[in-house]
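Student: Sequence:
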Amino acid sequence: MSTTPRCPCSWGWHCSAYCADALLAFSSLWRDRQWRWATLGGTATAALLGYFSNLSNMAPSALLLWIAVFPPLEEYVFRGMLQPLIQRHWPRRWRALSAANLLTSGLFTLAHVATKGPHLFTLGVFFPSLVFGYFRERHHQLASPIALHMAYNGAFFGAAAL
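Going letter by letter, the sequence shown gives residues 194 to 355 in our numbering.
These aren't lab readings, by the way, just hints derived from the structure by calculation.
If you're wondering where the values come from, they're calculated on a predicted model, not measured in any experiment.
One or more of the hints may lead you astray.
Beta-carbon label-pair distances, calculated as ranges [claimed, not checked]:
# : residue 1 : residue 2 : range
1 : F319      : L258      : 30 to 36 Å
2 : S221      : L248      : 29 to 35 Å
3 : A307      : Q334      : 23 to 29 Å
4 : N250      : R288      : 38 to 44 Å
For glycine and all other residues, C-beta sits at the position ideal for the given N, C-alpha and C.
Can you build the whole structure from these sequences, using the hints too?
Tutor: Okay, here's the thing in structure tokens:
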């Protein structure tokens, strides 16, 4: 019988440290009332929008990409690299929104328009992007926008698949 610690997700010891870090980050985020409201309100809105979209024929592998793979990659590029770079050179703020967040969200939206076309749902990614950027700046980490992005995509594409 093995004494190797096992992860609850059954991936084995390779995943144990990753899952432990993710659970710790999530539990600390959940203590932030603004983040809780953004999570609950955003996922409810995303699910409603997804339900009325016409994306019901997505393959399970595509769902996995949109929910688990693309959000961390996009957040690393936009909130992890671009937003701090812009913030250093343009630190201006308008109340809770920084110029860096607004510009990064504009670039995030343009990237989605370039790959998916100028549809209403595509242009609408600007608003969740502002939320992701706000929590990036509020928590000074990427776990917050990654978790929100994954939750929003999961709600949207999960409801679209119904």
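Student: Checking against the hints above, which ones are violated?
Tutor: 1
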